[in-house]
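**Student:** Put chain B on the given structure of chain A with help from the hints.
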Amino acid sequence: MRDENREPRQTGSFEQVVLPHLDAAYNLARWLVRKPQDAEDIVQEAYLRAFKFFGGYQGGDARAWVLKIVRNTSYSFLEKNRPASLAEEFDETIHTAVSEQSGVEGAILQSADSEMLREALDELPVNFREVIVLRELEGMSYKEIAEVMGKPIGTVMSGLARARTQLKNRLMRMRAEEGQRDLRK
Amino acid sequence: MTCENNERLLRAYFDAELDLVRSLEFEEHLNTCPRCSGELREQQTLRNSIRAANLYERAPDSLRARIQATLPAEARPQSISTTRRPVIEWLAIAAAILIAVFLGVKVIPDIRSQKQNLVAEEIVASHIRSLQPGHLMDIESTDQHTVKPWFDGKLDFAPPVVDLATQGFPLVGGRLDYIGRRNVAALVYQRQKHFINVFIWPEEKNSAKPPEVQTMQGYNVVSWSHNGMNFCAVSDLNSMELRQFADLLSR
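Line order of the protein sequences matches chains A and B.
Each residue of the first sequence is one higher than the last, beginning at 1 in our numbering.
Each residue of the second sequence is one higher than the last, beginning at 1001 in our numbering.
Chain A with its partners taken away, still in its complex shape (with noise of 0.2 Å):
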């Protein structure tokens, strides 16, 4: 039983197994390199690799698979173009700044408003993005994620943890700015 599940498990063809999961390669790699433009770019490059590595395709998660693929894509585009935006990786002032001031958030939270978000996710560092894209609107599992990273689960939850505090902090520091803001109206 065991060794009729080695052979080869891929179903399907390339458009029926690679194809459905565009809408996923997209808003991944329009998150992580931020510009429309040059997320088509990827996305057609990680199709092309897609397709050119699809016969090692053992079966399996192919959403995981396109993902990270994308992924990798993604990141090689911005070590060539904008090695800056990498190395905010591990940047964590803000976290460290504003989290003392909890309980709060609730309150904040709750009348953040889509446009707020947005820009408060787009500021996050990339590896942020990526697991609160990956987890929140791709709604995967720790393992997926992990998958997709190449990276071990105990990374993606200390990642997600961190990146969650520090969309929070922001989401609170944009909120307060504009009080500010209404108020002196």
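One thing to keep in mind: the hints can contain errors.
Quick list of simulated restraints, FRET-style, between CB atoms [stated by the list, open to error]:
{"no.": "1", "chain 1": "A", "residue 1": "Asn72", "chain 2": "B", "residue 2": "Pro1149", "range": "19 to 25 Å"}
{"no.": "2", "chain 1": "A", "residue 1": "Gly12", "chain 2": "B", "residue 2": "Asn1054", "range": "27 to 33 Å"}
{"no.": "3", "chain 1": "B", "residue 1": "Asn1054", "chain 2": "A", "residue 2": "Lys52", "range": "32 to 38 Å"}
{"no.": "4", "chain 1": "A", "residue 1": "Leu86", "chain 2": "B", "residue 2": "Leu1176", "range": "53 to 59 Å"}
Over 12 Å on every C-beta distance to chain A, these chain B residues come out as not near it, computed from the model [to be verified]:
{"no.": "5", "residue": "Glu1122"}
{"no.": "6", "residue": "Asn1183"}
{"no.": "7", "residue": "Ser1223"}
It should be emphasised that the hints constitute simulated quantities derived from the structure, not laboratory data.
Fair warning: this is a prediction, and the values are worked out from it, not measured in the lab.
Here a beta-carbon is modelled for each residue, glycine too, at the ideal position from N, C-alpha and C.
**Tutor:** Using the frame of chain A, we list chain B on its own:
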């Protein structure tokens, strides 16, 4: 302030990464720990804001077309044969149909899965409608012995009604619904703040089918058949917990 050990548990619970037993244990802890339950509410608020913000960026149609157009041309050697495709393709289709008709099997599952998709679409639409104010329940009760008799005389079958409150999915009510051109029973369960609609109607061929998860318009849909009934559960709950719920219900 003493809950640091539980921080990882809380995150895993929030992301539905705990198994049933550990998540029940953690729920017990939540009842007695305002700090953890407060943190959980905060996380939920953040998640709700993210969901409400519609941040998902769908691929533009132009990109889809570009990829479909460039892939075979650039990367597929056998695409040379596409120039002679019409005749061959039609012959192939004809042959496939003949074989399928002859064997009498292959096409039926395809038609069936298409039909299932239509049903799933209807179910998601019905789920969304049910969440509008005042539409969710005809009978509001957490008691399975109240909900089940309520369906008597309203349907031509008796839907199985079980409460899963002890497993973290309390039954909150039921209503009549209309799916796939027939009256169906809709049971409403709750998981924290998420509502789950379970649609139930008789399975004609009396065949069993294990739970199968689908995503549609951002909702998760799990459908299965057993004991002569079709079940379809739909919710914005994550797929893992919804699957867990389906497993509990099909026991």
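**Student:** Are the hints correct? Go through all of them and say.
**Tutor:** Cross-check of the supplied hints:
no. : hint                            : result
1   : Asn72/A - Pro1149/B: 19 to 25 Å : violated, 58 Å
2   : Gly12/A - Asn1054/B: 27 to 33 Å : holds, 31 Å
3   : Asn1054/B - Lys52/A: 32 to 38 Å : holds, 34 Å
4   : Leu86/A - Leu1176/B: 53 to 59 Å : holds, 56 Å
5   : Glu1122                         : holds, 21 Å
6   : Asn1183                         : holds, 32 Å
7   : Ser1223                         : holds, 18 Å
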